[in-house]
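For the record, the sequence lines run as chains A and B. Numbering-wise (this note's numbering), the first sequence opens with residue 1 and increments by one. Numbering-wise (this note's numbering), the second sequence opens with residue 1 and increments by one.
To be clear, the hints were calculated from the coordinates, so they are not data collected in a lab. Watch out, some of these pointers could steer you wrong.
Stated by the list, open to error - Listed below are the simulated EDC-like cross-link pairs for lysine to aspartate or glutamate, each with C-alpha atoms no more than 16 Å apart in a straight line:
1. A:216 / A:26
2. A:155 / B:199
3. A:4 / A:26
4. A:216 / A:87
5. B:155 / A:141
6. B:84 / B:199
2 protein chains.
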Amino acid sequence: MSKKPRAVVLLSGGLDSTTCCAIALDQGFVLSALTVTYGQRHQIEIDAARMVATHFHITDHVVTNIDLRAFGGSALTSDIAVPKHDDASEIGNEIPVTYVPARNTIFLSFALAFAETRNANAIFIGVNALDYSGYPDCRPEYVSAFQVMANLATKAGIEGAQPLKIHTPLIDHTKAQIIQSGLDLGVDYAMTTSCYDPDATGAACGHCDACLLRLKGFHDAGLTDPATYQASAKFK
Amino acid sequence: MSKKPRAVVLLSGGLDSTTCCAIALDQGFVLSALTVTYGQRHQIEIDAARMVATHFHITDHVVTNIDLRAFGGSALTSDIAVPKHDDASEIGNEIPVTYVPARNTIFLSFALAFAETRNANAIFIGVNALDYSGYPDCRPEYVSAFQVMANLATKAGIEGAQPLKIHTPLIDHTKAQIIQSGLDLGVDYAMTTSCYDPDATGAACGHCDACLLRLKGFHDAGLTDPATYQASAKFK
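Take the sequences, apply the hints, and build the full model.
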């Protein structure tokens with residue numbers, strides 16, 4: 001029996017990365033999970049990530065903190081207010097203030113370091129080009145360019161070892177399709193959190209871009225989101 | 001008079017990054033300096049970086065810490081011993097244990113985030129392909145691939161703004177040439193530190209790869225290194 005391949009999965013504890021874990025496990029990978037916290041407002045994500053890792057029996061789970069507040073420039077790392085809307089249709093196509101400069105590049109760079117120390121030739125990241133809220137670092141061409149760079153950056157590039165592949169199983173899926181894939185694989189979305197601006201108990205605001213895209217996804221799939229929302233959240 | 005362009009420089013406080021600062025300033029850039037510490041053994045580097053930034057009147061200097069110890073896999077981030085030799089000719093061509101997985105990729109990713117918040121279209125990094133100690137992420141093809149990726153990762157890639165350029169002014173220079181360039185620009189190398197394994201006072205060991213390459217550089221340039229070495233350091 002051949003040994004199962006190992007992959008690093010970037011796990012935020014959100015809906016997308018949790019679905020990504022389920023897909024990677026279903027594809028036969030043994031997972032090492034990496035949660036990168038970045039001085040964002042929602043420390044609650046870390047608890048969700050730990051719960052998801054435990055749920056999937058991922059014992060090699062590293063949580064590391066980086067300080068993106070030192071740079072500022074985003075509503076998720078500074079005092080800029082998180083924009084709120086009543087409906088997903090109000091979300092613009094321009095790059096929003098919740099964009100964190102070079103966030104996925106930093107996340108993937110850490111995943112690359114982690115993968116190299118674990119001899120893993122695969123990295124899973126739950127980026128999505130459809131519901132991507134206008135972030136440049138969620139596009140397929142960006143991910144391809146990162147993969148080219150990653151193979152030159154590491155031992156693999158010099159020693160001619162197995163090349164590294166960045167897996168983005170959700171990249172062309174709608175939020176509704178992502179939710180349906182996860183449910184088919186037995187994911188319990190009650191343990192995930194997506195909100196950019198939860199209250200102290202972890203209840204989601206229901207009005208930020210992340211909440212609205214998530215709620216629309218469940219709505220489009222004909223389902224009800226099992227996450228906990230604040231009383232002020234409106235559902236359509 | 002046109003406004004001077006802004007660049008981010010990765011500043012470790014070592015010989016190469018300090019020379020890089022001097023070159024970038026000489027080329028007319030206004031600098032924002034970024035020092036990324038990574039749980040390595042030589043906290044002394046940070047003091048050197050601050051001294052260099054002060055020397056060059058760089059007021060926008062961000063020092064940020066990342067925890068690469070969580071991954072391990074390098075003599076600079078774990079308990080693996082730093083290799084010692086008596087002469088630079090003993091340094092092998094294989095990737096050494098002081099290689100930190102994906103280090104330059106992580107550093108450049110942070111520099112990319114920093115550059116985007118500062119509207120800087122240039123990043124300076126003092127990588128060197130000749131005296132590079134066998135690190136894959138010091139090669140020109142790696143840097144080019146990072147630049148391609150970086151331009152897809154950020155707002156520049158979507159909005160058609162000025163593309164970002166990674167400047168590597170030292171990439172094809174010998175250590176002796178780097179030192180000579182720095183001296184021509186008035187760099188005082190007494191304020192820089194290169195050792196992988198300094199003592200508590202900051203004195204360099206004189207036997208690690210970084211010390212030996214530095215000492216050989218000064219020797220080849222017909223100069224004496226003004227840095228402080230431990231009594232056990234031998235000079236040839």
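The hints, checked one at a time:
1. A:216 / A:26: violated (26 Å)
2. A:155 / B:199: violated (30 Å)
3. A:4 / A:26: Holds: residue 4 of chain A and residue 26 of chain A sit about 12 Å apart, inside 16 Å.
4. A:216 / A:87: holds (9 Å)
5. B:155 / A:141: Roughly 14 Å separates the two Cα atoms, so the pair holds.
6. B:84 / B:199: holds (14 Å)
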